[in-house]
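Novice: As a plain string of letters, each chain reads:
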Amino acid sequence: MIELELKAAKGIRNDVISLLRQKPAGFTSATAFQSGRLGALLESNALSNSVSVGLSATKGEMFCIELRVYQKPALELAKNLAKAIDSQIEVNEVDDSPVVIRRAQRGKMFLTDLKLNRFPEELRPLRKHKRPLFIGQGIGNLTTGGLGAVSVGGFVTLDNKLGALSVSHGLIGLGKKTGKIGNKVAQPHPQDTSFSELGHVFGELLFASSLQPEQDAHCDAAIVEVENPEQVLGNVIPSRKFDDHVANCLSKTGMPDGYFDMPISDSEDEDFLSRGNVEAGRVFKIGAGSGWSAGEFVGQGLLTTLYDQGVPYRFTGLVEVRGESEEKMFSCAGDSGALAFYQREKQLFALGLVIGQQSILTINRKTGKDGASAIYSLVCPLNSIKEHLAANGHISNWHDN
Amino acid sequence: MARNLKADSRVLISKRKQSALIKLARQLGIDGITSRQGVGGEEVVISLSDGLDAQQVAQSFEQKFPDIVFAIRRIEKSSFQTRSAYNS
Numbered sequence: 000m001i002e003l004e005l006k007a008a009k010g011i012r013n014d015v016i017s018l019l020r021q022k023p024a025g026f027t028s029a030t031a032f033q034s035g036r037l038g039a040l041l042e043s044n045a046l047s048n049s050v051s052v053g054l055s056a057t058k059g060e061m062f063c064i065e066l067r068v069y070q071k072p073a074l075e076l077a078k079n080l081a082k083a084i085d086s087q088i089e090v091n092e093v094d095d096s097p098v099v100i101r102r103a104q105r106g107k108m109f110l111t112d113l114k115l116n117r118f119p120e121e122l123r124p125l126r127k128h129k130r131p132l133f134i135g136q137g138i139g140n141l142t143t144g145g146l147g148a149v150s151v152g153g154f155v156t157l158d159n160k161l162g163a164l165s166v167s168h169g170l171i172g173l174g175k176k177t178g179k180i181g182n183k184v185a186q187p188h189p190q191d192t193s194f195s196e197l198g199h200v201f202g203e204l205l206f207a208s209s210l211q212p213e214q215d216a217h218c219d220a221a222i223v224e225v226e227n228p229e230q231v232l233g234n235v236i237p238s239r240k241f242d243d244h245v246a247n248c249l250s251k252t253g254m255p256d257g258y259f260d261m262p263i264s265d266s267e268d269e270d271f272l273s274r275g276n277v278e279a280g281r282v283f284k285i286g287a288g289s290g291w292s293a294g295e296f297v298g299q300g301l302l303t304t305l306y307d308q309g310v311p312y313r314f315t316g317l318v319e320v321r322g323e324s325e326e327k328m329f330s331c332a333g334d335s336g337a338l339a340f341y342q343r344e345k346q347l348f349a350l351g352l353v354i355g356q357q358s359i360l361t362i363n364r365k366t367g368k369d370g371a372s373a374i375y376s377l378v379c380p381l382n383s384i385k386e387h388l389a390a391n392g393h394i395s396n397w398h399d400n
Numbered sequence: 000m001a002r003n004l005k006a007d008s009r010v011l012i013s014k015r016k017q018s019a020l021i022k023l024a025r026q027l028g029i030d031g032i033t034s035r036q037g038v039g040g041e042e043v044v045i046s047l048s049d050g051l052d053a054q055q056v057a058q059s060f061e062q063k064f065p066d067i068v069f070a071i072r073r074i075e076k077s078s079f080q081t082r083s084a085y086n087s
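Here the protein sequences come in this chain order: A and B. Counting from 0, one number per residue, gives the positions in the first sequence under numbering that gives the first Met the number 0. Counting from 0, one number per residue, gives the positions in the second sequence under numbering that gives the first Met the number 0.
Just so you know, these hints were derived from the structure itself, not from any lab. All values derive from a computational prediction rather than experimental measurement. Think of the CB as a built atom: it goes at the ideal place given N, C-alpha and C, for glycine as much as any other residue. Fair warning: there could be bad hints in the mix.
Claimed, not checked - Quick list of in silico lysine to any residue cross-link-like pairs, SDA-like style, CA-CA up to 20 Å: (1) Lys22/B <-> Asp52/B; (2) Lys365/A <-> Ile67/B; (3) Lys368/A <-> Gln58/B; (4) Lys365/A <-> Asp66/B; (5) Lys368/A <-> Ala57/B; (6) Lys76/B <-> Lys176/A; (7) Lys76/B <-> Met328/A; (8) Lys183/A <-> Asp215/A; (9) Lys365/A <-> Lys22/B; (10) Lys327/A <-> Ala53/B; (11) Lys183/A <-> Thr142/A; (12) Lys76/B <-> Thr142/A; (13) Lys22/B <-> Ala53/B; (14) Lys160/A <-> Glu386/A; (15) Lys63/B <-> Leu23/B; (16) Lys183/A <-> Gly145/A; (17) Lys22/B <-> Val68/B; (18) Lys76/B <-> Lys183/A; (19) Lys176/A <-> Asp307/A; (20) Lys176/A <-> His199/A; (21) Lys179/A <-> Gly370/A; (22) Lys16/B <-> Asp215/A; (23) Lys76/B <-> Tyr306/A.
As the list claims (entries may be wrong) - Listing some non-contacts, in silico: residues in chain A with all C-beta distances to chain B over 12 Å: (24) Gly181; (25) Val200; (26) Asp219; (27) Asn227; (28) Val235; (29) Arg313; (30) Gln356; (31) Ser358; (32) Arg364; (33) His387.
Said to hold, decoys possible - What follows is a set of in silico ranges between Cβ atoms, one per label pair, in the way DEER data are often shown: (34) Ile67/B <-> Ser209/A: 29 to 35 Å; (35) Lys63/B <-> Asp256/A: 51 to 57 Å; (36) Ile67/B <-> Ser264/A: 32 to 38 Å; (37) Lys76/B <-> Ser238/A: 35 to 41 Å; (38) Ser238/A <-> Phe64/B: 46 to 52 Å; (39) Lys327/A <-> Ala70/B: 40 to 46 Å; (40) Pro255/A <-> Gly50/B: 24 to 30 Å.
Here chain A stands alone, though its shape is the one from the complex (with noise of 0.2 Å):
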């Protein structure tokens, strides 16, 4: 673990991703994540768990610098990492055993030793290499910038191609459609890059939705063909033992330990929206925006509005879910296209796609004054998606774990 200053770490975080633009040997898809509002998180393939280097944010204005190397070919990296910054971080041995680079004391940065891990042999030969796919998973339109970071929501079989599910309005666009059937698809989103020729291709567009002011939709979905299916883990929790985003963040956010590995089932019949089908009216979610998180059933909206840039957006069908508090919210931005869920009988059902909020004053019908306020999730619910797929002439299936 390093400590440094600002500066420093900023100096430090540049050379890190100018190195990985580089595309170092033996990378296939690294990819890099921003984190914290200073930090650098940098992934090769998941699976193969080649390399991690993470910087980022401590109390106050000092920073750790940590980086883990789990194969070989990433020592590379960390000679030229220590290259990079100067060599101010020194590789002493890069051979088999837990390496340590050494550090050194340069001005006002106070360096520690840093440790390089080998991963478990046991984890290591996995699915050829290629990156997981799974709910919750942060992807965005790689061939048209601008549309945002959505959620994968679960995987279906459409017209026999393997899909992964998402919602249009992050996908096409909305109105003035921007994206276009055919475009990449990538995991995670450049938003969620630092550059966007590290983002990992998983897919192209092959059916969205469409999304017009004024005009009532019951459905916002889009899904992506995806390129290997060996990529995708299937409509489960995503398992702790992936060294990825989501989990770090579905174990930070509190998901009970239980869940894990638990697979989702296709939604049931229109009943599931009758409160008493579901256990005490809970909700839960898995989100690129907020990993996962707990609410209540509302109730379902017969007509909903959303407003993007002062422009509505009606729909019909909308379920609401209001979080566990005010300060616990069901969905945050980039939670769009997250998985909603519930429990039955120890079992999990899908419910449908997080596409929006809305925070909302009651008002009190006596007085006419405002009372409490409140925010609600907008979730589409699956069954209104496949609906609308099998009216447009595709058939569609919850894909099979």
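Here the structure of chain A is known, so what remains is to put chain B in place on it, guided by the hints.
Specialist: Using the frame of chain A, we list chain B on its own:
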């Protein structure tokens, strides 16, 4: 244990009445209509658009649908939830 309210908590408003509610909402420029389970059973929540008077809107609905219990709320803010930049 799961509450079994299925017998008495299903959405009771008929499709026909739902359509009529939506139609009136459009005429009045309402932003939203939601069906939910209240204390006394199913109720309909009206989400007001900016500039509309709560009492007037409520009266309009109650006159046309005297058998439905209405609640009123005002939408302060709404948004789709894409992330335009990392949430740091």
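Novice: All the hints need checking, so say for each whether the structure fits it.
Specialist: Do the hints match the structure? See the list:
no., hint, in the structure
1, Lys22/B <-> Asp52/B, "holds, 18 Å"
2, Lys365/A <-> Ile67/B, "holds, 17 Å"
3, Lys368/A <-> Gln58/B, "holds, 16 Å"
4, Lys365/A <-> Asp66/B, "holds, 19 Å"
5, Lys368/A <-> Ala57/B, "holds, 14 Å"
6, Lys76/B <-> Lys176/A, "violated, 24 Å"
7, Lys76/B <-> Met328/A, "holds, 15 Å"
8, Lys183/A <-> Asp215/A, "violated, 28 Å"
9, Lys365/A <-> Lys22/B, "violated, 26 Å"
10, Lys327/A <-> Ala53/B, "violated, 29 Å"
11, Lys183/A <-> Thr142/A, "holds, 6 Å"
12, Lys76/B <-> Thr142/A, "violated, 30 Å"
13, Lys22/B <-> Ala53/B, "holds, 18 Å"
14, Lys160/A <-> Glu386/A, "holds, 18 Å"
15, Lys63/B <-> Leu23/B, "holds, 9 Å"
16, Lys183/A <-> Gly145/A, "holds, 14 Å"
17, Lys22/B <-> Val68/B, "holds, 18 Å"
18, Lys76/B <-> Lys183/A, "violated, 32 Å"
19, Lys176/A <-> Asp307/A, "holds, 13 Å"
20, Lys176/A <-> His199/A, "violated, 24 Å"
21, Lys179/A <-> Gly370/A, "violated, 44 Å"
22, Lys16/B <-> Asp215/A, "holds, 18 Å"
23, Lys76/B <-> Tyr306/A, "holds, 8 Å"
24, Gly181, "holds, 20 Å"
25, Val200, "holds, 19 Å"
26, Asp219, "violated, 8 Å"
27, Asn227, "holds, 25 Å"
28, Val235, "holds, 23 Å"
29, Arg313, "violated, 9 Å"
30, Gln356, "violated, 6 Å"
31, Ser358, "violated, 5 Å"
32, Arg364, "violated, 6 Å"
33, His387, "holds, 18 Å"
34, Ile67/B <-> Ser209/A: 29 to 35 Å, "holds, 32 Å"
35, Lys63/B <-> Asp256/A: 51 to 57 Å, "holds, 52 Å"
36, Ile67/B <-> Ser264/A: 32 to 38 Å, "holds, 35 Å"
37, Lys76/B <-> Ser238/A: 35 to 41 Å, "holds, 36 Å"
38, Ser238/A <-> Phe64/B: 46 to 52 Å, "holds, 50 Å"
39, Lys327/A <-> Ala70/B: 40 to 46 Å, "violated, 24 Å"
40, Pro255/A <-> Gly50/B: 24 to 30 Å, "violated, 45 Å"
The structure does not agree with the numbered hints 6, 8, 9, 10, 12, 18, 20, 21, 26, 29, 30, 31, 32, 39 and 40 stated previously, though it agrees with the rest.
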